[in-house]
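Spelled out, the chains give:
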Amino acid sequence: MASKILNQALIPVFLVPTIVFLASLVMSPSYQRITVLFLIYAGLSLSWIVIFKMGYVSLGSAAFYGAGAYIFVYLTKWYPSLPYSLDVLLPIPIIAFIAIVVGYATMRLAGIFFIFATFASAEALRQIFLYSEINYTGFVGKVITKPLPTIETLGLLCILLMFAGLLFYTTTIPKFRIVIDYIREDEELAKVAGVNTLKYKIAFFTIASVIQGLVGSIAAWYLAYIDPDLVFNPMISIQVLVIGLLGGSGNILGSIIASGLLVYLSEQLIRIASQLYLIVLGISVILVAKFMKGGFSGFIDKVWEVWELRNRKTEGGR
Amino acid sequence: MIIGPNGAGKTTFLKMISGGIKPALCKVILDGEDVSQLPTSEVIKKGVVLVPSGKANFPELTVEENLRLGLYVGKKGVSRKEILSEIYDLFPVLKERRTQVAGTLSGGEQKMLAIARGLAATPKILLLDEPSFGLAPKVVESIYNSFRKIKETGTSIIISEQGISTALDFREIIDQVYFIINHEFTFRGKIDELESMEDVRRVYFGV
Ligand SMILES: Nc1ncnc2c1ncn2[C@@H]1O[C@H](COP(=O)(O)OP(=O)(O)OP(=O)(O)O)[C@@H](O)[C@H]1O
Ligand SMILES: [Mg+2]
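Sequence order for the protein chains is G and Z. FYI, the working numbering numbers position 9 of the first sequence as 9, with every residue one higher than the one before it. FYI, the working numbering numbers position 67 of the second sequence as 67, with every residue one higher than the one before it.
Simulated from the structure, these hints should not be mistaken for lab results. Since the model is a prediction, treat every value here as computed from it, not as a measurement. Ideal Cβ placement from N, Cα and C applies to all residues, glycine included. Fair warning: there could be bad hints in the mix.
In silico DSS-like cross-links for lysine-lysine, where the CA-CA straight-line distance does not exceed 25 Å [said to hold, decoys possible]:
{"hint": "1", "chain 1": "Z", "residue 1": "K138", "chain 2": "G", "residue 2": "K199"}
{"hint": "2", "chain 1": "G", "residue 1": "K175", "chain 2": "Z", "residue 2": "K45"}
{"hint": "3", "chain 1": "G", "residue 1": "K175", "chain 2": "Z", "residue 2": "K95"}
{"hint": "4", "chain 1": "G", "residue 1": "K175", "chain 2": "Z", "residue 2": "K138"}
{"hint": "5", "chain 1": "Z", "residue 1": "K138", "chain 2": "Z", "residue 2": "K151"}
{"hint": "6", "chain 1": "Z", "residue 1": "K55", "chain 2": "G", "residue 2": "K199"}
{"hint": "7", "chain 1": "Z", "residue 1": "K45", "chain 2": "Z", "residue 2": "K55"}
{"hint": "8", "chain 1": "G", "residue 1": "K191", "chain 2": "Z", "residue 2": "K46"}
{"hint": "9", "chain 1": "Z", "residue 1": "K190", "chain 2": "Z", "residue 2": "K55"}
{"hint": "10", "chain 1": "Z", "residue 1": "K75", "chain 2": "Z", "residue 2": "K149"}
Here are the in silico distance ranges between beta carbons for each label pair [as the list claims (entries may be wrong)]:
{"hint": "11", "chain 1": "G", "residue 1": "E305", "chain 2": "Z", "residue 2": "E152", "range": "29 to 39 Å"}
{"hint": "12", "chain 1": "G", "residue 1": "A105", "chain 2": "Z", "residue 2": "G103", "range": "28 to 38 Å"}
{"hint": "13", "chain 1": "Z", "residue 1": "M16", "chain 2": "G", "residue 2": "S274", "range": "56 to 66 Å"}
{"hint": "14", "chain 1": "G", "residue 1": "A110", "chain 2": "Z", "residue 2": "V93", "range": "33 to 43 Å"}
{"hint": "15", "chain 1": "Z", "residue 1": "M16", "chain 2": "G", "residue 2": "I173", "range": "27 to 37 Å"}
{"hint": "16", "chain 1": "G", "residue 1": "E185", "chain 2": "Z", "residue 2": "E141", "range": "53 to 63 Å"}
{"hint": "17", "chain 1": "G", "residue 1": "T145", "chain 2": "Z", "residue 2": "R80", "range": "53 to 63 Å"}
{"hint": "18", "chain 1": "Z", "residue 1": "P5", "chain 2": "G", "residue 2": "I100", "range": "20 to 30 Å"}
{"hint": "19", "chain 1": "Z", "residue 1": "N182", "chain 2": "G", "residue 2": "I238", "range": "46 to 56 Å"}
Residues from chain G that face chain Z, not an exhaustive set, calculated with beta carbons under 8 Å [what the hints assert, rightly or not]:
{"hint": "20", "residue": "I178"}
{"hint": "21", "residue": "Y182"}
{"hint": "22", "residue": "E185"}
{"hint": "23", "residue": "D186"}
{"hint": "24", "residue": "E187"}
{"hint": "25", "residue": "A193"}
{"hint": "26", "residue": "G194"}
{"hint": "27", "residue": "N196"}
Chain Z on its own, in the form it takes in the complex:
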């Protein structure tokens, strides 16, 4: 998980490793291969998928059409039916609403759909930009619970969050925490250690 305040550079970082922004000075290495200059469509086929924060679905397409697009852009040679049924197992509410247009879903359901679309591309690494943003605690909880299940399937997840509280609430599913501020990573380690860091205390607890 990547934690950093407003404007720290989280979104920029995630865009960079998913092919949305081409870095000038550094490289993104995936399985020993430099992928930093590849377009997003290629990076996705290599297994890195970004679920952006904010608007992430196509409001006029149905739930299933949104998911289909995830399937189309993903790796070739996988059973699309199987993936779709796995996704519906993970988010049963999406199955109920699969013929509904995405624009009429609730905020939480939209977020689930965005994550589901990312999963439909069968990523090795799923990048989630501020998945808890603007959602009620109950919804955040159910989304984070789905991360637990996604992790069990062998997909790695990189989450960015502005606040530290979500990370503290779900500390047991977080293996590694990075702290970013002023476009620079200043910490890497366990969540407990982060809590006691001076930088973090100053930013989040005002001491």
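One chain only, chain G, in its complex shape:
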């Protein structure tokens, strides 16, 4: 019974990224480019959801995304003899360290203060990098010489999406689910009950941030050009938040579908008028908040429940 649940929940974690990857192989280059963007946002928002599940709304996704991008690019500059494949992994301990420090400082803050603190850290990084690039290198932006081909990018991002899915899956294992529910619902009581809440919060925050950072590293490798306004763009954090809310925290499919939808929509609408996308973004958030509390994943869970119920009925009727 237990192994059945385990397997069932793990199927989409591996299956969905695999399907996306296989599908992308037969796409036209322009759709492959959109798929890269979609996978970037899926990875970012699935990690965001894990933080959200603990009751924390982060507006700092861009901080870790950008940090991952910059650390990767600096590594390729400072150690030209290292292969890029190593440069993309080396940011892991650095981002983990940053996340632990940031987590330790911000995860004691409640609600709105946490939102501001995460938003401020992304903005601070943007200003620091802008300032240092203008003053020390004389120009803004960094270029790497050998960009990652699209297919390899898609592959790496799909693997990373599996890791993000695994992290999400961890939060549904009874032990962690209960602890996370406790932390979100009543942290004071959780502490009295003996849960080392800070330890769990920082652990999940750090792993989620590392995944966001790795998304940034891979994105930088693919784009071959980064600048502070691009990778620390507050719009990234906002879109991740919107996708997260749209997707809901019930299962991994929610934010994956929401990422696909928003990325596709933004590609289509930006061609017409960039403001139109923002308007649609705003309206969809309002609609979801009003009519679909659990987001897409809540909707999927409900459909699934009804489907199972009907199955049971027909079995009983036989």
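Given the coordinates of chain G, assemble chain Z with the ligands onto it according to the supplied hints.
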């Protein structure tokens, strides 16, 4: 048992010995070790568990999930199944309701669940803050009867109560009584002696 009127410092004292409040001027010694600066999660692993008064369960989690958390935070290397079945033996009503969310339990059942969650962490010393508060006499009786059984398993219990009447009703299970008033313990001894003390008579009997 610790007895003291409103605002005497009972809750503060229990929080202090369970790691919820860090004392500035004194130490909490457990088996010769200073545990006063440890976080609650560590103190629990050393065997001291507090069941707070008031809201003590997570209303949206089921009975069994609430108990599981007790198991997770407790000592390592114990058989969780065994503990759970012992707890269900002690509170059969919780077994009946184990898939029900805690928020829909009656007040008495909620209290039992809170105590059970404390027990799930396999404490050496179980601290209970005003376990009779807001409960009907019948329920208080069944809860105090469970204390008798818990004591038999070798777990020590420290209870705080505002009134003296519960202590008088269950005097046979109480080994030692402390009286606290204005943040200070003024008495330690047997319940019969406490009854005749002047302080106590003034507070509780108005003479
Ligand atoms: N040792 C102490 N020194 C100074 N202040 C104290 C001390 N102990 C408790 N207090 C203060 O006394 C007040 C009441 O304490 P506490 O909540 O522990 O009382 P209580 O006995 O639990 O009361 P109640 O029966 O109403 O729950 C609190 O403001 C607390 O900070
Ligand atoms: Mg009190």
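A quick look at each hint next to the structure:
1. Z/K138 / G/K199: 41 Å, violated
2. G/K175 / Z/K45: 17 Å, holds
3. G/K175 / Z/K95: The hint holds at about 20 Å.
4. G/K175 / Z/K138: Answer violated: G/K175 to Z/K138 is near 35 Å, above 25 Å.
5. Z/K138 / Z/K151: Holds, at roughly 20 Å.
6. Z/K55 / G/K199: 24 Å, holds
7. Z/K45 / Z/K55: Roughly 22 Å separates the two Cα atoms, so the pair holds.
8. G/K191 / Z/K46: This hinted pair holds, its Cα atoms lying about 16 Å apart.
9. Z/K190 / Z/K55: Between Z/K190 and Z/K55 the Cα gap is close to 31 Å, so the pair fails against 25 Å, i.e. violated.
10. Z/K75 / Z/K149: 21 Å, holds
11. G/E305 / Z/E152: 29 to 39 Å: At 45 Å between Cβs, range violated.
12. G/A105 / Z/G103: 28 to 38 Å: Once the Cβ atoms are compared, 34 Å apart, the range 28 to 38 Å for Z/G103 and G/A105 holds.
13. Z/M16 / G/S274: 56 to 66 Å: Holds - the Cβ-Cβ distance for Z/M16 and G/S274, about 59 Å, lies within 56 to 66 Å.
14. G/A110 / Z/V93: 33 to 43 Å: At 36 Å between Cβs, range holds.
15. Z/M16 / G/I173: 27 to 37 Å: 34 Å, holds
16. G/E185 / Z/E141: 53 to 63 Å: 32 Å, violated
17. G/T145 / Z/R80: 53 to 63 Å: 56 Å, holds
18. Z/P5 / G/I100: 20 to 30 Å: 46 Å, violated
19. Z/N182 / G/I238: 46 to 56 Å: 55 Å, holds
20. I178: 5 Å, holds
21. Y182: Holds - the Cβ of G/Y182 comes within 8 Å of chain Z, reaching about 6 Å at its closest.
22. E185: 6 Å, holds
23. D186: The hint holds - G/D186 has a Cβ within 8 Å of chain Z, the shortest such distance being about 7 Å.
24. E187: The hint is violated - G/E187 has no Cβ within 8 Å of chain Z, the shortest such distance being about 11 Å.
25. A193: 6 Å, holds
26. G194: Holds. Min distance 4 Å.
27. N196: Holds: closest Cβ of chain Z sits about 4 Å from G/N196, inside 8 Å.
Hint violations for this structure: numbers 1, 4, 9, 11, 16, 18, 24, all remaining hints satisfied.
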